[in-house]
Amino acid sequence: MNKIFSDPISAENPITKQVLGVCSALAVTVLVDKAIIMTFAMTFVLTFSNITISLLRKVIPHSIRIIVQLTVIATLVILVDLFLKAYAFEMSKQLSVFVALIITNCIVMGRADAFAMQNNVRDSFIDGVANGLGYGLILILVAIFRELFGSGTLLGYAIFPDAYIGNGLMLLAPGAFIILGLIIWAQRSITGYVED
Amino acid sequence: MEYVNLAIKSIFVENMILSFFLGMCSYLAISKKIEPSIGLGAAVIFVCGICTPVNWAIKNYLLDEGALYWILGENALDIDLTFLAYIAYIATIAAMVQLVEMIIERFSPSLYANLGVFLPLIAVNCSILGASLFMAERNYELGQSLVFGLSSGFGFALAILSMAAIRYKIQYANVPNGLRGLGITMILTGLISMAYLSFSGIKL
Numbered sequence: 001m002n003k004i005f006s007d008p009i010s011a012e013n014p015i016t017k018q019v020l021g022v023c024s025a026l027a028v029t030v031l032v033d034k035a036i037i038m039t040f041a042m043t044f045v046l047t048f049s050n051i052t053i054s055l056l057r058k059v060i061p062h063s064i065r066i067i068v069q070l071t072v073i074a075t076l077v078i079l080v081d082l083f084l085k086a087y088a089f090e091m092s093k094q095l096s097v098f099v100a101l102i103i104t105n106c107i108v109m110g111r112a113d114a115f116a117m118q119n120n121v122r123d124s125f126i127d128g129v130a131n132g133l134g135y136g137l138i139l140i141l142v143a144i145f146r147e148l149f150g151s152g153t154l155l156g157y158a159i160f161p162d163a164y165i166g167n168g169l170m171l172l173a174p175g176a177f178i179i180l181g182l183i184i185w186a187q188r189s190i191t192g193y194v195e196d
Numbered sequence: 001m002e003y004v005n006l007a008i009k010s011i012f013v014e015n016m017i018l019s020f021f022l023g024m025c026s027y028l029a030i031s032k033k034i035e036p037s038i039g040l041g042a043a044v045i046f047v048c049g050i051c052t053p054v055n056w057a058i059k060n061y062l063l064d065e066g067a068l069y070w071i072l073g074e075n076a077l078d079i080d081l082t083f084l085a086y087i088a089y090i091a092t093i094a095a096m097v098q099l100v101e102m103i104i105e106r107f108s109p110s111l112y113a114n115l116g117v118f119l120p121l122i123a124v125n126c127s128i129l130g131a132s133l134f135m136a137e138r139n140y141e142l143g144q145s146l147v148f149g150l151s152s153g154f155g156f157a158l159a160i161l162s163m164a165a166i167r168y169k170i171q172y173a174n175v176p177n178g179l180r181g182l183g184i185t186m187i188l189t190g191l192i193s194m195a196y197l198s199f200s201g202i203k204l
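Top line first, the protein sequences correspond to chains V and E. 1 is the number of the first residue of the first sequence in the numbering used here; add one for each residue after it. 1 is the number of the first residue of the second sequence in the numbering used here; add one for each residue after it.
To give an idea of the interface, some chain V residues facing chain E are shown, with a C-beta separation under 8 angstroms as derived from the structure:
id, residue
1, 26
2, 27
3, 67
4, 70
5, 82
6, 103
7, 181
8, 188
9, 195
No lab work stands behind these hints: they were computed from the structure. These numbers were taken from a predicted model, which means no experiment stands behind them. Where a beta carbon is used, it is the ideal one built from N, C-alpha and C, also for glycine.
One chain only, chain V, in its complex shape (with noise of 0.2 angstroms):
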């Protein structure tokens, strides 16, 4: 029980070692905020697509799980987006297309695919919330270094003085490539991991 908790966040990290879901990782990093939101949706679909999915595994047909699996997904994602659309209609402006797209987040299918299907409701629930936090605590490292060295801020409040030139090359797309790869390196140095 500990394991299916601990693995998700350290050595089974969904994005720095199963390769998983990294397309929206990066677009929500800009800003620290954006990055915590992003963890909250996230971990809620995982959540609960892990439990729903498990409550079914016994009653979904081999055959056409996927799409069952697609169905159950896109129903909470939508929950979610309705529920940023009415209470935080700012952040679910700037995050726009990217809400939707926890949809065809692999992580989400994969785990829902790979977990749920085979074990119980708890195991699941477990797993679902460790997962969620593992792609949060990546999500927001990532997050943290872009706008401190963006903008000179951290959830708005200035960390730098004034005098601090933001780098530009940090807001942009390269920067947050450039940045993941770097904290894969450094984990996989700490795990010693390594990629044939």
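Fit chain E to the known structure of chain V by using the hints.
Frame of chain V; chain E shown alone:
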């Protein structure tokens, strides 16, 4: 001319992978070898070019407020099904992928042998759904969405091919242990994306 501009913009300036990060999963996994990259690239162009206009039709004739007018007449004016958009788009994409797979299998077995493996992968490729969502967000016309779909797919193919070529070249390079594979690929993608930044602002 407007279409050419839109195509240039979505291939180079707003490249699906290099500036919106969409479709990264399959991009990272497949770009290890050149042959499959060509296959996946072609399949994405194909499916993206079909799905974006089809989703345009679904949005404009079924989902938008009052879009059902052509079936139900006056009663339909206050029906707004926009909240179903995500489910409708993803279902369309999954169905289109299945359909395209069957058509190719029937009429061109050789193409099927090359593309077949990649077609199921495409149903959950973010760049296809992303193209449909951008099409809806930016309110494109039919012609625009066709051009946008095709050129988004082309941008994806271009990015994955150049990455595959670079990874082929660095096979024998001495990369530090922790950076091997995913790490160096991310950094290289960052560099390619930086090069693509120089296209920004280009108009004909």
